[in-house]
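Kindly produce the complete structure, drawing on both the sequences and the hints.
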Amino acid sequence: MSPTRKPIRVLIVYLLILALGLVLIQPMSAFAQARDGIKRQVDPGTGKVDFISSANGRPLAASQVLGLIPNRAADPALAIAQHFGSEFGLQNAAQELTAIRSNHAKSGRVTVRYQQQYQGIPVMAGELIVNTNDQGDFYSMNGEVASDLSLPTQSTIDSEQASQIALQAAAKWYRKTTADFITSTPTLWVFDESLLKPSQRPAELVWRMEVTPVDPFVPVRELVLVNAQRGSISLHFNQIDVGAKNIGTYQSASSAPAVNTMRLNTDVSASSLAVSPAGGYRKTYTANHGETLPGQFLCDQTKAVCTNGNNPDADKAHMYAAETWNFYHNHHGRDSIDNQGMTIVSTVQYSTNYVNAFWDGTQMVYGDGMVADDIVGHELSHGVTQYESNLFYYYQSGAINESFSDVWGELLDQSNTSGNDAPAVKWQIRSPVVTMIPIPCFRIMGAYITTAVLITRLLI
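Take any residue in the sequence shown, count from 1 to its spot, add 979: that is its number in my numbering.
By construction, these hints were calculated from the structure, which means they are not laboratory data. Among the hints, erroneous ones may be present.
Below, simulated DSS-like cross-link-like pairs (lysine-lysine); rule was C-alpha separation at most 27 angstroms, straight line [claimed, not checked]:
hint, residue 1, residue 2
1, 1176, 1027
2, 1176, 1018
3, 1282, 1262
Computed Cβ-Cβ distance ranges for the label pairs, DEER-style [what the hints assert, rightly or not]:
hint, residue 1, residue 2, range
4, 1209, 1081, 36 to 42 angstroms
5, 1015, 1147, 50 to 56 angstroms
6, 1073, 1375, 26 to 32 angstroms
7, 1137, 1074, 47 to 53 angstroms
Fair warning: this is a prediction, and the values are worked out from it, not measured in the lab. Yeah, the Cβ is synthetic: ideal placement off N, Cα and C, and Gly gets one too.
The structure is reproduced here in structure tokens:
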């Protein structure tokens, strides 16, 4: 190392240490262990519990947690939710929670996801997850709900008015006309901004809808919340993150990326009950440098090598899609993106000079040269997150969404044999046309360990 570079390197180390310190001094959830053998995590911002588990990591018998001797609860997960609900901020779990998804694992564990309701109206981002088994043994419970809600449930703005407000707003944002967009059917929700980010804003009754272009090939799916009393826009963001690509002349006012919401799969194999073939059901297309999706059909899963070298991007997209399917199937017993045999659709050669890739909620899209195994794994993992946890791609949940994809994309890269897995490029996302960059694991506050690793490497 030259003498002139050493002070610069030391300065960088000090700056990273300072950054790490700033992260560490942020309020963090506090853990407390009570005499009942339960460990509780309290959110310092709300003062409410947001995670409860067994203190020793082993499941607790229903008799110990709920006092059920010898009878078991008819609905063990709901019994747990009722038992601990007040600590999360609920008044009556049986009335305020609706089960929206249940998963029974081979190990016997039962996971139930609940949606919070206020007087029959769903609360946006108000969800609780209970992990138990058929005997009612307690594993964990986590999530957040809106507490002490008090707001009108009758709207003064009707659904048609709300649709027109959203259309006019979208036309302004994207500098188009209202005729260029359509909306989904508006539904009433309760929006408590404090469930998405730190906020003192009162909870609101809103019309929730999705605004999409009449032209189905324009990558816009704007989630819009219209206040049902005043008609103002409470929140909006595009649910498709297209990265560097501009949609018309619109620039998002939000500093956070978009969100992938739950969508019905319309391209499932003939029998979702049957196990998909190795590599899964796949269809690969080329946009031929246009923006029509999915584009020109090239091959499906019956071809191991899509174009036999005539279109290298298509060959790689087809192969890495199969490897991603195999990764999730072999390590996690998952049958494709939605775990129901969903066909993985990929389009390469999208647009011109588009140096990016994205998951649009139904398929993969790649610009020229953007097909690398970790990129494919990263983007398809957005689809897995969409169907599994449905994280908003907004604020911290959006950062977690990205971090999940970073990790899973790199794990695919390190477990297959097709990509460049040399030690020098581990935990880096790369493509043939983009300089390799470290995965920004510090997208979420809890990843400060990554910063410490970077400091250690600088000191070596």
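Consistency of the hints with the structure:
| no. | hint | verdict |
| --- | --- | --- |
| 1 | 1176 with 1027 | holds (15 angstroms) |
| 2 | 1176 with 1018 | holds (25 angstroms) |
| 3 | 1282 with 1262 | holds (10 angstroms) |
| 4 | 1209 with 1081: 36 to 42 angstroms | holds (38 angstroms) |
| 5 | 1015 with 1147: 50 to 56 angstroms | holds (55 angstroms) |
| 6 | 1073 with 1375: 26 to 32 angstroms | holds (30 angstroms) |
| 7 | 1137 with 1074: 47 to 53 angstroms | violated (27 angstroms) |
Checked against the numbered hints listed earlier, the structure breaks hint 7 alone; every other hint is satisfied.
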